[in-house]
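Two chains, each in its own frame: build the complex with the hints.
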Amino acid sequence: MSADLEDALARRARAGIDLYDARSLASPVHGRVRRRRTVRGLGTGAVATVVVLAGALGAVALGSASPTVDPATTSPSPSVSASASGDLLPGVVTAEDLLGTVGGAGADGGQRAYLCTPAAPRQCDEVTVGQEPLLEIVRTGTSVEVDAGHVAYVMWTVRNAGDQRIRIDKAWETPVVVTESDAQDPLATLAGLGSELPADPVDLAPGDASAGAGTIDLDARPAIEAGTAVNLEMLVPIPFADPTEKRELWLRVTSSDWVNAAAVESIRSSPLYAEDLREGAVTRHSEDYDLGSAQTALDCVLDDADNPRTSSGGLDPFAPRCEALVVDAVAPLLTLTEATFDVDEASGTLTVRWIAQNTSGKRLRIDTGGASVAIEDADDGSGSAWTSMSSAGSIVSSGSLWTSDAMRKALLRSTSVVETVEPWQLFAGSATLDLDEAGDFAAAHTSVQVRVASRSDLDGSRELVLEVPWNG
Amino acid sequence: MSGWGVALDRVLRERGGALFAYAYVLTGDPHTAEDLVQEALVRVFARGRAPETVDAAHAYVKRAIQTSSIDGHRRARARPQRDDRVADRVSPDPTDAADLHEALMDAVLSLPPRERTCVVMRYLDGLSAVAIAEQLGLAPGSVRRYLHDGIATLRRTHGDFGLDPRDAADGGAAHHVVITAKGGAR
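Chains Y and F are the protein sequences, given in the same order.
Residue numbering for the first sequence follows the working numbering, starting at 1 and increasing by one per position.
Residue numbering for the second sequence follows the working numbering, starting at 1001 and increasing by one per position.
Next comes chain F alone, as it looks inside the complex (with noise of 0.2 angstroms):
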C-alpha cells in the first residue's frame, strides 16, 4: 500500500473516532459529521505529501472540518437558523444532568456556523479567542464577536447556564493540548 495509504489507514485506526466525535459535536447528526470527516480527510490526503506523523495528520483533518463547519455550505439545507426569540425559552431541570446537558447541545446547535464553530473550540477545545482566530484564519475581533454573540443568544434564547459572554471572549489557553484519550484523542 501506499505511504499515504498507510497513513491515513493509522490515522483512521487510531483517531478515527475522535475525528468523528468533533465533527459530530459541531454538526449534531452522524451522517453529516461522516460527510464532514471524509471531506476534511480527503484534503489532506490528496495533497503531495500526507501528513507525518498522526498527530499532525490529526490536527490537519480537524482543522479542515472547523474550517469546512464555519463556512457550512455543504449543510446549508440542515444549518440551523439564528433564532432570534427573546425569553421564548427552554428551560432545563437543573436537578436533571442528562436534559441539561441536551438543552444546552440543542441551544448550541442552534446557533450560526461561525459562531457554534468558536463555541466548540472556545469550550470543548479550550483555546481562546486569539487561537482559534489562527486556526480558523479569521480576525481575533471578529471571533469575539462570535464568542460574546454566541453566548448571548444561548442566554437569551435558551437560559443562561451561568455562560458570561464576557468570559467566553476572553478566557481560553493559547495552544490546544491533545489529550489522549479512551477512543482516540480530541
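So that you can see chain Y by itself, here it is in the shape it has in the complex (with noise of 0.2 angstroms):
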C-alpha cells in the first residue's frame, strides 16, 4: 500500500498553497525577467554579427587547407547539399550551360573536358568549356599514399573556382595520378567505368569545395614508391539538367602541384579506439574550460541498461555524469571546419549543421551517425539547473554541462554509425533543436560530441566522447 505516502504528499502540497504569498514571487521575478529578455535581446544581434564575422575569419585561417567543404562520408549532408535535387535550380551551371560554351580541344582559356557516349566503353571528344576555369583542386586537401607502390590511397579536395554555382556529381569524383614516368590516361580511366553511373548531385557554391577519398590499383602499372612526386588530376561529371540526356560531361581538373607519395601505414595502421586515447589521458577540471588546442572527452561509465546504443529497449537518449579528460594536450583530434545556425521562426527550431574534420593524421573509429551537438552557458559555474535532450542529436543546458569539478554531462544516443575516419578526412552532422529550449543559442558555447568505439563495442558499460568546440 502507498496510500499513506500519497496522502502526506497530498497534504503537504496543500500545506503549500496556504503558505504561497503570489505578492513576494511576482515582483523579483517580473524584475529578473525583464533583465533576462534585454540582455538576450542584446546578445543576439551582437552574435549574428560574431557568427558572419567567425565565418570569415574561420575561411582566412584555414585558407585552402580547410574551406567550406562537403563530406567525403555518407554521414548526414551538409547544407551544401540540401539544396540537390533532380530539379534544376536557376543561377547553377549545368551541362547544357557548359556545352553552350564548348570550344575545341586545346581553345584558350575555359577548362578541358570530355563529352562521352554512356556506352561501355565509352567513346569520349576531348573539348573546352567556359571561359576560365571552373573547378580546380585545393592542394592542402589532397594527399596520396601508397602500399608497397601498388595501391594508391588518394583524398581530394575540388573547389568551385568560377563565380556561378556549379552542380557537380559527387558520386563518379575520378582521381587520375600522374608521375614524372608515367601518367594515367583519362580517357582510359573513362573507359574503364561502369556504364551506369549512380547519381550524387551536389551543387557548390562559388569558393565551396568537395571533398572526397579513394582508392586506385595500380597492379597493371609501374608501382610508385613513397617519396614519388605525383601530380593529381580529378574527373568531375557535370550533370545534364535533361534527366532524359544520355550524354555524360566529365571536366578534367589538373592541378600545377605535385604531392609527394607517403608511406600507406600512416594511415593503414589500425584505427585508435577508445582504449587507446584513454591511456594516456589526464583528468580535466571545470577551470580548465579553454584548453586552446588540447583535445578533451568524456568518459561515461554507467550500467550497460542504461546505454540507449546497447539497450535493448532503450531508445531515449541519456546524458550520464562523465570524467572530463584530455586526452590530448598538444592537438584536437577533431575540428569542427564549420557550423550554421539556421533558426526557422515559423516552427520554432534552430538547427545547427556541422562539419568537422580529422586533424589526428592518424585513422579514429568513430561514430559519426551517433554525433550530437551540445550548447551550455560555459561561463555559467552552478552546473546545469535545466537540461533538455533530443533522440535526434542535441543536448542543450541552460547552465554548463559541468556537474561538479571534474564531471560533466554528456549525450548518449541509441543511433550508431562507426566508421573508420581517416587521417584529414570530413564527416558531416546536423541536429535540430526546440528554438524556446536553445535559449540565447549564439552566446552560448557549442560543441558536438563524437562517440569513439571501443574495441568490443557490443559492451555498452563505458563510453568515450569526444568533445569537439566550435570557435566560430
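In case anyone wonders, no lab produced these hints; they're calculated from the structure.
Ideal Cβ positions, reconstructed from N, Cα and C, are used throughout, including at glycine.
All the given hints hold, so there is nothing to weed out.
Some but not every residue of chain Y turned toward chain F, in silico, with C-beta under 7 angstroms:
hint : residue
1    : S2
2    : A8
3    : R11
4    : R12
5    : A13
6    : I17
7    : A26
8    : R32
9    : T387
Next up, the structure:
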C-alpha cells in the first residue's frame, strides 16, 4: 500500500498552497525576466554579427586547407547538398550551360572536358568549356599514400573556382595519378568505368569545395614508391539538367602542384579506439574550460542497461555524468571546420549543421552517425539547472554541462554509425532543436560530441566521447 | 504590459499556489521552495516566446522545478544527506494520521535529491518510471533504480509504511493528468 505516502505528499502540497504568497514572488520574477530578456535581445543582435565574422575569419585562418567542404563520408549531408535535387535550380551551371560555351580541344581559357557516350567502353571527345577554369584542386586537401607501391589511397578536395554555382556529381569524382615517368590516360580511365553511373548531385557555390577519397589499383602500372612526386588530376562529372540526356560531360581538373606520395602505414595502421585514447589521458577540471588546442573527452561509466545504444529497449537519449578528460594535450583529434545556425521562426526550430575533420593525422574509429550537438552556458559555473536532450542528437543546458569540478554530461544516443575516419577526412551532421529550449544559443558555447568506438563496442558499460568545440 | 508579463501574471495568479506547493513538497522549506519557483519561472519566461497557455506554462515551470530539484546544486547546504542507518527507525503511531504523515515527509526529505524527486513524481503526480524519465531527461532504468532505492531507504530507516520497492519502480501512469483543485492544479 502506498496510500499513506500519497496522502502525506498531498497534505504537504495543501500546506504549501496555504503558505503561498503571490506578492513576494511576482516582483522579483518580473524584474529578473525583464533583465534576462533585455540581455538576450542585445546578445542575439551582437552574436549575429559575430557568426558572420567568424565564418569570414575561419576562411582566412584555415586558408585553402579547410575550405567550406562537402564531407567525404556517407554521414548526414551538410547544407551544401541540401539544395541538390533532380530539378535544375536557377543560376546553377549544368552540363547544358557548359556545352553552350564549348570549344575544341586546346582552346584558350576555359576548362578541359570530355563529352562522352554512356555505353561501355565510352567514346569521348575532348573539348574545352567555359571561358575560365571552373573547378580547381585544393592542394592542401590532397594526398596520395601508396601501399607497397601498388595501391594508392587518394584524398582530394575540388573547389568551385568560378563565380556561379555549379552542379557536380559526387558519386563519380574520379582521381587520375600522374608521375614524372608515367601517367594514367584519362580516356582509358573513363573507358574503364561502369556504364551506369549512380547520381549524387551536389551544388557548389563559388568558393565551396567538395572533398572525397578513393583507392587506385596500380597493379597494371609501374609501382609508385613512397616519396615519388605525384600530380593528381580529377575527372568530375557535370550532370545534365535534362534527365533524359544520355551523354556525359566530365571536367578534367588539373593542378600545377605536385605532392610526394607517402608510405601507407600512416593511414593503414590500426585506427585508434577508445581504449587507445584513454591511455595517457589526464583529468580535466572545470577551471580548465578553455584548453586551446587540446582534445578533451568525457569518459562515461554506466550500467549497460542505461546505454541507449546497447540497451534492447532503450531508445531514449541519456546524459550521464562522465569524467572529464584531456586525451591529447597538444593538438585536437577532431576540429569543426564549419557550423551554421539556421533559425526557423515559423516552426520554432534551430538547425545546427556542422562539418568536422579528423586532424589527428591518424585513423580514428568513431561514431559519425551518433554525434550530438551540445549547447551550454560555459560561463555558468553553477552547473546545469535545465538540461534538455533529443534523440535527434542535441543536448542543451541552461547552465554549463559541468556537474562537478571534474564531471560533465555527455549525450548518449541509440543511433550509431561507426566508421573509420581517415586522416584529414571530413564528416558532417546536423541537429534540429526547439528554439525556445535553445535559448540564447548565439551567446552560448556550442560543441559537437563524437563517441569513439571501443574494440568491444557491443559492451555499453563505458563510453568515451570526444568534445569538439565550435570556435566561430 | 508586455505579452510575457501578462502571461506571467496569469500563471502566478492561477497556478502560482500549485507550483509553490509542489516545490514545497520537494524541499520541505518555504524559502527554498520560493527560490526554486522563482528560478523556474525566470528560466521559462526569459526565453524568446513565452508559453501561450496557462497549462503549457504550468507544465514548463513544473518541469524546470523538477530538473532543478534533481540537480539540487543551489540547495546543496540544505540538502539532507543519505541516511545509511539501519533499523534506527522513526516508528510512527499508526493511530495518529498526522504523525504518520509528518514522519513520512521527514523520511522523503531525507532522501537524496534524485530519489526524492522521483518518489514525489511517482506518488504525488502518479507517474510511471518511464514518464518520469521522459520528463527529467534520465534513462528509465536509472529512474527505476532511484525509485527502488528511495523506497528501500524509507523502509530501512523509517519503517516500511506498506511500501513496495518493486511497485514503486513498475507502477504509475504514462502521463500526468493536470487536476484542477482548490488553489490551482498540480
